[in-house]
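Here this note's numbering is used: the first residue of the sequence shown is 65, the next is one more, and so on.
A couple of the hints might just be wrong.
Stated by the list, open to error - Result set (EDC-like, lysine to aspartate or glutamate): computed pairs, CA atoms no more than 20 Å apart in a straight line:
1) 377 - 366
2) 347 - 366
3) 377 - 406
4) 377 - 367
5) 428 - 366
6) 428 - 399
7) 440 - 471
8) 209 - 522
9) 291 - 570
10) 347 - 399
11) 347 - 394
12) 428 - 367
13) 347 - 358
14) 291 - 534
15) 287 - 534
16) 189 - 105
17) 377 - 399
18) 572 - 284
19) 291 - 526
20) 428 - 358
21) 287 - 526
22) 347 - 453
23) 572 - 285
24) 209 - 138
25) 347 - 367
26) 347 - 449
27) 183 - 105
28) 347 - 433
29) 428 - 406
30) 377 - 394
31) 209 - 149
32) 428 - 394
33) 256 - 105
What the hints assert, rightly or not - Computed Cβ-Cβ distance ranges for the label pairs, DEER-style:
34) 254 - 185: 26 to 32 Å
35) 607 - 110: 25 to 31 Å
36) 592 - 519: 38 to 44 Å
37) 377 - 452: 23 to 29 Å
38) 397 - 211: 37 to 43 Å
39) 426 - 197: 48 to 54 Å
40) 418 - 579: 49 to 55 Å
It is worth saying that the hints were derived from the structure and are not from the lab. Backbone N, C-alpha and C fix where the C-beta goes; we use that ideal spot for every residue, glycine too.
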Amino acid sequence: MAKGPSCCHGCCHGCATCLLGLYSCRWAKNKRKGLRTTKCDCSWFFFLFCVCLFALVWLYHALILLNDFHNFNEFLFRQTQWWVDWSLPLLGVTVLLVTYSALLLVLALCLQLCGQPLKLHCLHKCLLILTALVVAAAFVALDVKWTEQWQSARISLQATGPFLHIGAVAGVTLLAWPVADCFYRTRRAAPKVLLLLVYFGVTAALYLAPLMISSPCLMEENKLPPKPALAGHRGAPMPCPSTPPWHQSLDVALVSAQSFTASGYLINSDKSLAQPPSCHVSKPPANTISPIADRIPFLMHDETLTRTTNVQKVFNAQATMSGTTFNWTDLQQLDAGSWFLERNPFRSVQGLSSEAQGQARAQKIPSLEQVLQEAKQHNISIMFDLRPENHTDYQSFVNVTVATILESGIPPQLVTWVPDGLRDQVRQQAPGFQQIYGLKSSWNETESPLRLNLPYQDVSTEQIGRYRQDNISVNLYVVNEPWLFSVLWCAGAGSVTTNACQVLKEMKRPLWLLPRNTYLMVWIVIDCVSFLLLLSAFLLLQKCSRRKEPAESKSDVLLTKINSLMQE
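Make the full structure from the sequences, and use the hints.
In structure tokens form, the structure reads like this:
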């Protein structure tokens, strides 16, 4: 990348000065005299390119993380007792780093085309190193604390692979101009050969990348599986402004009949499915005669009450204790709605009316009995977990919960039992319950039909397809983003658990669906157009460099003669 003749030398002198000033912080003429691009400068340019690519990859991961970011916010709350929506600062910092490194890269490419030296200023060098360290720290933290997100990234490539391929081909085609300019201005043969090998090697790999792209959305539309059923996670906590808030604004329950219809639970034909938060069992009152009978199953996602109630104000000394250590009378003293309005975890409170917000503030922790009565009245299937499974009284919890369900009078077939612990005992007590399995080790292969409830990261789209062929219904959780829902829809998922019922229920088809033959045609056309543009760039810049060679030769001869005369 040594300074030399270029077909772009005729570019505006003012523009070149401005570009060099922004990149090198050299604005005065006397500071620019005799500058040339050294090997060290080339190394910094390569580092700049790598940092920009690194930051772009992290931006891609950050956008994928949005599907599960509420879980991350909850994790940090449990560590710090401080609620913040960390997705906003994460995306803000990431966009800032990507923008900064991308602008520097654009400046460098423009300077290269204008034949100006690439003297990166020390401040830019320090900021680039800092950018690389911040992004590396983010990836390390992701690997240590959130390893399942690597599987999310793998699934996301099935949703974005064809589009990433088109973008990458467009990018490498645009790079043909600065690469060709650098090639014709480089004098030595070895760097020229290395540059061509690297550039055309990467280009060829990108041209053939679709051979490795596999997506369930590459299919004929008539082969598209039925739309997955939607199970409202924790009462569908991303409310639609037109619906009342008490059912979705809480992480504690579905306690209104309207919640089952207004929030998007009505899904496949005549079947509805609701998934409230996990079930816990309260402590019996002191001096009770019947400790088992006086335990009340209630709905709460977290093991403790600090995030979704005002327990710190009412029972400060017991605030961090498990919800199962409180009796039902104490639990009913807690405000289980105001937290949602204060923290606005899904940025949806602004869409609620003042009346709806007032209803949310009046919410109490609901019992399982309340939800069962609503499900019974509206013929809705209900699926829930029972926690904590490692509790010493877990068998008592199971007995109390099963007894509560049977006494409620709800048809057993409307109850989907999730917990793996003591499943055989539950099957004996209530053979009518629909059993849905998680871990493969808990499957009973003699049962038919078999139903699975798994994190979406734990199963590949190929496995989902095989389960569907074997008439195994798979429920995947937690699916909030349309791109993820589209991939799982195409793969054949039976249902998904989601916080965003009001978004996913509006989807009439996946975000994109493309027959494989059509994609093959698009792939070939894009590669051919890219190759023609790439070839044109090299041929045009070759003509530019040849036109300048005679002028340079005459100048060299004249300078040689002048030098000889001066020596004489």
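(request) Mind checking the alpha carbons of residue 347 and residue 394 for me, to see if they're no more than 20 Å apart? (result) holds (10 Å)
(request) Verify the proposed pairing of residue 347 with residue 366, using a straight-line Cα cut of 20 Å. (result) At roughly 16 Å apart (the allowed maximum being 20 Å), residue 366 and residue 347 satisfy the hint.
(request) For residue 254 and residue 185, compare the CB-CB distance with the range 26 to 32 Å and indicate the outcome. (result) Cβ of residue 254 to Cβ of residue 185: about 29 Å, so the range 26 to 32 Å holds.
(request) With a cut-off of 20 Å on the C-alpha distance, tell me whether residue 209 and residue 138 pass. (result) Within the cut-off at roughly 13 Å; holds.
(request) Take the C-alpha atoms of residue 189 and residue 105, compute the straight-line distance between them, and say whether it is at most 20 Å. (result) The hint holds at about 11 Å.
(message) Just to be careful, I want the Cα atoms of residue 347 and residue 453 compared with a cutoff of 20 Å; is the pair within it?
(response) The hint holds at about 16 Å.
(request) Would you mind confirming whether the straight-line C-alpha gap from residue 572 to residue 284 stays at or under 20 Å? (result) holds (16 Å)
(message) Hinted pair, alpha-carbon criterion (20 Å max): residue 377, residue 367. Please report holds or violated.
(response) holds (18 Å)
(message) Run the distance test for residue 440 versus residue 471: straight-line Cα separation, threshold 20 Å.
(response) Since the Cα atoms of residue 440 and residue 471 sit roughly 12 Å apart, the hinted pair holds (cutoff 20 Å).
(request) Take a quick look at whether residue 428 and residue 394 sit within 20 Å of each other, Cα to Cα. (result) holds (11 Å)
(request) Could you tell me whether the CB distance from residue 426 to residue 197 stays inside 48 to 54 Å? (result) holds (49 Å)
(message) For a C-alpha distance cap of 20 Å, please report whether residue 428 and residue 399 respect it.
(response) Holds. Residue 428 to residue 399 sits at ~6 Å (cutoff 20 Å).
Of the numbered hints given earlier, the model fails none.
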